[in-house]
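Put together the whole structure using the sequences plus the hints.
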Amino acid sequence: MLSVTNVGKRVTTSAGELEILKAVSFSLQAGTSLAITGASGSGKSTLLGILAGLDVPSSGDVQLAGQSLTQLDEEGRAALRAGHVGFVFQSFQLLPGLTALENVMLPLELHGVDDARAKAETFLQRVGLQQRLQHYPQQLSGGEQQRVAIARAFASEPDILFADEPTGNLDSTTGAHIIDLLFALNREQGTTLVLVTHEQRLADLCQQHLVMEGGEVVHFNGQQTAGALST
Amino acid sequence: MKRLTLSWRLLWRNWRAGEMKILAVALLLAVTVVAGISIFTDRLQSAITRESHSFLAADRVINSSQPIAPEWRSLADQYRLQYAYTTQFASMVFAGDAMQLAAVKAVTDGYPLRGKLRISTQPFTTDTQQISVATGIPAAGEAWVDARLLPLLGISLGATVEVGEQPLRITRVIVEEPDGGNSFSPMGPRLLMNAADLQATGVIQPGSRISYNWLLAADDPQQLQGFLQQITPELSVHERIRDVASSQRRLANALGTARKFLSLSAMISVLLAGVAIAIAARRFASRHVEQVALLKSLGAGAGQIRGLYGAQLLWLGVITSLLGLVLGYGLQAMIVRLVGDLLPVTLLDPGWLALVPPALTGLVCLLCFAAPPLWHLPTVPPMKILRRELPVSAVRQYWQVLIGLLALLLLVAVFSRDWVLTLSLSTGLVVLVALGLLLAQLLLSWVQRYGNKSGNRWRLALASLQRNRQQTLIQTVVFALAVSLLLSLTGLRTSLLQDWQLQLPPETPNHFLLNVAPHQLNSVQQLMSDSQLTTEQFFPMVRGRLTHINGTEPGEEQRERTETLRRELNLSWTDHLNSDNKVIAGQWWDSWPAAGRVGVSVEQEAARQIGLQVGDQLRFSIGGLTLDATVASIRSLKWDSMNPNFYFLFSPQALDEFAPAYMTSFYIPPQQKAFINTLLRFDPTLVVIEMDRMLAQIQAIVNQVSRGVELMLLAVLAAGFLVMWAAVTSSFGERQQEAALLRALGSSRKQLLGSLWLEFSLLGLMSGIMAVAASEVLLLAMQRWVLEIPVRWHPGLWLWGVSASVLLIGAMGVFACRRTITTPPAVILRELT
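Protein chains in written order, with numbering that gives the first Met the number 0: chain A, 0 to 230; chain B, 0 to 832.
Misleading hints may appear alongside valid ones.
Claimed, not checked - Chain B stretches covered by chain A per the calculated footprint, using a threshold of three residues with CB under 8 Å from any CB of chain A:
# : region
1 : 10-20
2 : 380-386
Unchecked claim - A few chain A residues facing chain B, derived, Cβ under 7 Å:
#  : residue
3  : A38
4  : G40
5  : S44
6  : D54
7  : A81
8  : Q92
9  : G96
10 : E108
11 : E215
Calculated directly from the structure, the hints in this document are not laboratory data. Treat the numbers as computed from the prediction; the structure is a model and nothing was measured. Even for Gly, the Cβ is constructed at its ideal location relative to N, Cα and C.
Right under this line is the structure:
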């Protein structure tokens, strides 16, 4: 499902060139889950962005759903995301002007799904928000907002779901509920799951675990790494 | 189709979320105002034009010294024109042994096509009960005459007179002719007859001086325009087209100025609305950066996003344009209802063409003001969804300004159809913006230097101005722009109204008196002073022709082209110039070096047409005698001053040996109108030309247009407020966050309120000073070059303009940001996170 080969990322700053990812390589099979952990500034989010096709690597290659992301232009990557990728973000990223239902409908409408409304209602029901369809994000609690975001991510039935600190803005109890929900839906739909987290408990629930430090993968599934790894 | 539906849904959701309200309101306002003004001025203009055409008795007149080709009639029929013919000439009218030179006008059915011919069976009556509007023309064998012809011939109504060989029975007296009394020609009293009798009079012989007129009118101005376009190349040197502008310079000037002012108001409203649209679109774009990043992460491509936003704008444009057209129609209907009874004219139905400018306005505004800030949205990197700090490339500010400027030029050009206005306004605004930015920078530096020494609230306010330096600069310039345009328009309106009133001060002479013999001068003056009437200077006047220029007789073609060479001229002399005359070349008599010789001062337009220069030798033929004179000076003069004015003014006493008659102008109040009868009873050979009806008409039109101008000002004010509101609310998000933080850190509401007042009042002060300076310059330029009215300074503007700006912007800012003070900081901070 996902294959990463020698991915590096350099950015130019006022202080000169900065290497934020160094020769990251690994691969992930369909239906499995991977946790990426590491300290702030270790390059987790940059790696997630590249894996999901939101950004391009300075070197190396990423194969997602059988296609090389580096060979695609922005439009091509958007099309790939539309067909295969779902997201859950730390700050939920719900549009404040839209109701819960409309937020879930949005990607379906973008992809031209005919029964967007019915599908969105089904997924909101599955995350337990059937009573909150017409509520706006500011009328919902943090946990509820994240559930809407999860419903939105799964409603498009993606092959792979990327989650960036999905519990980062939530208290531990709510976070636990969200984790349960995320994994339950993941299992039901057979989605490949890649998540970035600080939480050990969340990382432990994933089949794979990748630890980053200074832009490098330092541990993969508990083993210190010195090169390419695969599962 | 799915995309259109989706964009419609997104538009609706954005609208509901309050994202598009200012944008939509600004667009709606622009279209409504333009539609209102466009439809109203279209109706008013066509009505006023039609009304003013009554002075011609037609919409257009083809005038010729030769009979007008009858075959053109079929072309006029094709264009569904109405037409009538008048044939005018001077002829002796006989009644027994008595005879009198009369101005004969033979007319065909349909005359007058515009305006009304008023007649009576009671000579010299002023009783409206006895005056009726003619429904036809004199029957064959009959004539209608000026009342004064009766005593001149010693006859009464019903008597028969002879014009040439044709006897005509006088059945009515003429009280008022639409195309009558605006000529200095003292050809004598009018005799109106049926054109069917013309042949029988036998007076039209080869070489007779006849003025043939073909009166044309059309219900649809396009038809008339089409006909004129087709016929113009066919016209010979004898024929010329006369319209209201050429025959009523004064009225045409007033109307032209009013038209320019109305278009200027519309344009400024649109310009202000455009700025509001640009600000609102900028805010909309900045608030949608994250939304676009999200859409991209959800798989939307740049093309799809551009399509979605483009379609939203299109929907918005179409809806606001349609709604704006409806509201604009309502607005003009309301204006008409408000002032309808006072209108001197009956409004015509609006033409469809009037809907084109407002319909285009919405789209042009969207394309040029709203699209540039939104253009960069699809380039937002999707990675921004994970890393907020990533920069977003925006369409360069100068591109946005350039596109806005182009839109401005386009709109100004479309509305004004005047390149001088377009360029002057655009240049003025560019200079204003550039100077504004510079001045605001300087003021901010000054604030930075001295602000720290001030009290707590001042520090907060000044710090806020400093912190959002770019925002402050933009807001100051936008406020200054809005305030200066408002001030300019207000000032311009005042100048315009004052100018119109100056043009027609109370007791402007409204009658001309001609043909006063030298021995009658004292008696006439006595008659006037007995009735408490005062006159202007009495000018000696003789009729003569210009026969030679520098010893050469002008050729036939030059005569045909130059009216001054063709007709008899009124010649006069004076030793001092009225204030409405100005020597622009050569010398007036007091410093003329050739004193002792006969000199002549020539009006500049006549000099230009004939090609005269100072020093040229002219020969005049006056009553069979000749008079040689040297061109001593060229004069400019105001024909619309209602004072006696002459193309040719001779040196003192030069005309005394030619038995001049005297003329003057004077004011008769309406209640003393019967004084004309006193004059004519004193001597029926006196000629009184009544200008009061035309003056009253001009005054009524000017009043009406002034009312229109004031209503337009309200619309412009609304647009101005909208711009300011957009600018104030554009920084609302940042302000909210700052205020919440400050309150969380212990600032009191009073402190924050005070600093908000100070901050916006300071903005108002900076903008006010810039705006007043700019509007003074704009006003002077527009008065001088665009409206061509006398230049006036506006000292009062500095006081009330700046004060109003401080109060208005201060109050608006506090009102807009009141939520930052009244809402608990925790609520705001939670919303913002």
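Against the structure, the hints:
Under the rule that three or more residues need a Cβ within less than 8 Å of chain A, the assignment of the region 10-20 of chain B holds, with 6 such residues. Restraint check on the region 380-386 of chain B versus chain A: 6 residues with Cβ-Cβ distances below 8 Å, three needed, restraint holds. The restraint placing A/A38 at the interface with chain B is violated, with a minimum CB-CB distance near 16 Å, outside the 7 Å limit. A least Cβ separation of about 12 Å between A/G40 and chain B goes past the 7 Å threshold, and the interface hint is therefore violated.
The beta carbon of A/S44 comes within 5 Å of a beta carbon in chain B, closer than 7 Å, and the hint placing it at the interface holds. The criterion of a C-beta within 7 Å of any C-beta in chain B is met by A/D54, whose closest approach is roughly 4 Å, and the hint holds. Look at A/A81: its Cβ gets to within about 3 Å of chain B, closer than 7 Å, so that hint holds up. Interface restraint check for A/Q92: the shortest CB-CB distance to chain B comes to about 5 Å, inside 7 Å, so the restraint holds.
Because the smallest distance between the Cβ of A/G96 and any Cβ of chain B comes to about 2 Å, under 7 Å, the interface hint for this residue holds. Because the beta carbon of A/E108 sits about 5 Å from the nearest beta carbon in chain B, less than 7 Å, this interface hint is met. At a threshold of 7 Å, the smallest CB-CB gap from A/E215 to chain B is about 19 Å, leaving the interface hint violated.
The structure is inconsistent with the numbered hints 3, 4 and 11, although it conforms to all the rest.
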